[in-house]
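Listed here are the chains, written in short residue letters.
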Amino acid sequence: MKRLKKITLAMSLLGALSMSAAEVEVLHWWTSGGEAESVGKLKGLLEKSGHTWKDFSVAGGNGVNAMTVLKSRTVSGNPPTAAQIKGPSIQEWAELGVLSNLNDVAKANNWDKILPKRFADHMKYQGNYVAVPVNVHKINWMWVNPSIFKKAGASIPTTWQEFEVAAKKIKAAGFIPVAAGGQPWQEATVFETIVLGIGGADFYKKALVDLDFSALNSPTMVKAFDTLRMVKSFTDKNAPGRDWNLATAMVYKGEAAMQFMGDWAKGEFKVAGKKVGVDYIAMDAPQTSGSYLYNIDSFVMFKQKDADKKVAQEKLSQLILGDEFQVLFNTRKGSVPVTLGVARTQFDDIALRSMDTLNSAAYTNQLLPSMAHQMAVPDATKGAIVDVITNFYNTKQSSSDAAKALVSAVKSEM
Amino acid sequence: MKSKLKFLEEAIPKLIVAPTFLIMIIFIYGFIAWNFILSLTTSKLLPVYTFAGLKQYYSLFDNMKWWLAMENLLIFSSLFIGLCLIIGLLLAIFIDQKIRFEGIFRTIYLYPMALSFIATGTVWQWMLNPGLGLEKFVIDLGFTNFTFDWIINSEMAIYTIIIAAVWQSTGFVMVLILAGLRGINHEVINAAKIDGASLPLIYWKIIIPQLGPVFFSSVIILLHIAIKTFDLVVVMTKSGPGFSTVLPSIFMYDYSFARNKLAFGASSAMIMLFFIMIFVVPYLYRELRKNS
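Protein sequences appear in the order of chains A and B. For the numbering used here, count along the first sequence from 1 and bump the result up by 345. For the numbering used here, count along the second sequence from 1 and bump the result up by 648.
Pulled out of the complex, with its shape left as it was, chain A reads as follows:
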């Protein structure tokens, strides 16, 4: 009897051990302060559920370094459990047949219901879930220093025409109207915001998502390039090479009046101790009110040989889309929950407005993937388009030539 007890005890211990022994290895490049802290929350939640988390973070290169490591691990047949991969790249990885099928956990947790369909579609390959979205960033924000507008006697613009009028006044008053970071992705971010504003949601989708030639080389696109040139004329000449957060600093230090940047800029204002509504205001970028240009971070899950690891992987996926993590993570990262209907109490005003726009746009054509942030087209095509934008921005190329160049750039990647 005693002996039997011992055996059962040992067995149950063993069972518990084998349950907790499952380890998930997560490749990510969230290594900077706030981001690392946000990931730490996920680690905490997972370990509470009895699994272990092995951090596999590769800093630098905007994820390029991490991708290089991931590729070599995959080629050698030893991929991590999960990796931070987003947008159309998910499809490219799924095509290789290395991703795990998450349909069971998706069904059990109702992902089709809680995720907007457009978001869910990014996560599916041939109808099966292979990835889990973590957060949503809204790109089409304009960050404003209201005191500069007051000093210059200008009003905060909601259209590109008003923008030009206001920017002239600000320049005349001796301030820099637009804080720009002269790096290709930042120039592309401003450009796609302009395309959305000038052309509207349908045009944006036709041109930068569906890559329709007649839209890429159209009078509307030429006008968008003209507008980009106009915006550039209101930036300072030291912009080339400047990092985005330094541009944000120009806004809160009172040197520049506006910046076009996604909602991660919020973190910079907060760290600098600035108060929303007083020191800075977040506005929809001109003519994009109601539209939601999104950037989603997500994890793809790799196929596991071990059944235990598969269990841990599904647990991880379930936790990521759970309300608890969505709130913990997104309040820190400055983004908003990717699932609809998460409790709003802990979010700040800007996040709430982002959530409102997301809710209203979720099932309309106003919810659009960001091209500059690798959500709309494959990386090769994105690279070619960004080349055209940055070449236009930094040379004296005419707008109509740039529109033509867009078509040939896209063609070269087909």
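To be clear, the hints were calculated from the coordinates, so they are not data collected in a lab. Mixed in with the good hints there might be a few duds.
Partner residues are not named here, just some residues of chain B that face chain A (Cβ under 10 angstroms, in silico) [to be verified]:
#1 778
#2 891
#3 904
#4 934
Covered stretches of chain B, as calculated for chain A (at least 3 residues, CB under 8 angstroms) [what the hints assert, rightly or not]:
#5 704 to 714
#6 796 to 807
#7 875 to 889
#8 906 to 912
Pulled a few chain A residues facing chain B out of the computed Cβ check, cut under 7 angstroms [stated by the list, open to error]:
#9 416
#10 420
#11 436
#12 437
#13 583
#14 585
#15 725
#16 740
#17 743
Ideal placement from N, C-alpha and C gives every residue a C-beta, glycine not left out.
Could you slot chain B onto chain A? The hints should help.
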């Protein structure tokens, strides 16, 4: 017994060299071959072996950015090598005039070589930034019309890379040339002096022509620095403004890894190798012929 020892004596050096040799064969020539095979495929994210002939090369030669990268490399390497040689030669000649504290000067000029391009690039980027560095300094001195904004001008930015690279490598060339100068037979020079030749004439007609091999080695060393230059551009301009300072090495990295066009990147690497070979093969030929 004796023959066994002799056998060992002969075999041991070969055995010791063999692993290195094998590793070189695999990891240098083997991978070059693999890269060439990849460049003929349709590989994107990961290597696949669906062959597409020379398709990647055709699209490479159609790529405007690639030609800009090649043009930049041509401007960069010719000016970089030329300036390094000229300035290095002048410095070496000055130091060769039996000046005092020669050791100190030599060390000062050689020191930049001890820095990595990352450090050099960061410092030069600050100095050349119009809002922080030289331009602001001169304007603050009172010359309000002064502009020196090459680094943010897409036409001129490549020359700022050359400035930083020349600053870094000139000292090294100087030391090479100095060593060459010290090796020249002084009797000829003394004879020329007796004949009444001026010092510049002696240098121009007698000394410099004898430095041929030193120049040749310097060119080869500088050339491979030029073709490999990557970090300097990444730190100084991130291949901007726009992509005006892109170089083939950056192009290759960007397309292979950031844009998931492995086969395309491999084809650009092959072309880079081809250009290096054009310069290196004659050099090897010359060296090997000398030895045999």
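Min Cβ distance, residue 740(A) to chain B: is it shorter than 7 angstroms? holds (6 angstroms)
Verdict on chain A covering the segment 796 to 807 of chain B, where coverage means 3 or more residues with a C-beta closer than 8 angstroms: holds (count 4)
Is the interface hint satisfied for residue 778(B)? The criterion is a beta-carbon contact with chain A at less than 10 angstroms. holds (6 angstroms)
Can we keep the residue 891(B) interface hint, with Cβ of chain A closer than 10 angstroms? holds (6 angstroms)
Evaluation of the interface hint that places residue 743(A) against chain B, nearest CB under 7 angstroms: violated (15 angstroms)
Chain A over the segment 906 to 912 of chain B, status - at least 3 residues with CB closer than 8 angstroms: holds (count 4)
Hint status (Cβ of residue 934(B) to nearest Cβ of chain A, threshold 10 angstroms): Violated, because the Cβ-Cβ distance from residue 934(B) to chain A comes to roughly 38 angstroms (cut-off 10 angstroms).
How does the segment 704 to 714 of chain B fare against chain A when you require at least three residues with a CB closer than 8 angstroms, holds or violated? holds (count 4)
8 angstroms C-beta test of the segment 875 to 889 of chain B against chain A, three or more residues: holds (count 4)
So, residue 416(A) near chain B? Judge it on the closest CB pair being under 7 angstroms. holds (6 angstroms)
Less than 10 angstroms between beta-carbons is the criterion; does residue 904(B) satisfy it with respect to chain A? holds (9 angstroms)
With chain B as the partner, please determine if residue 420(A) meets the hint condition of a C-beta pair closer than 7 angstroms. holds (6 angstroms)
Of the numbered hints stated above, those contradicted by the structure are hints 4, 11 and 17, listed in ascending order.
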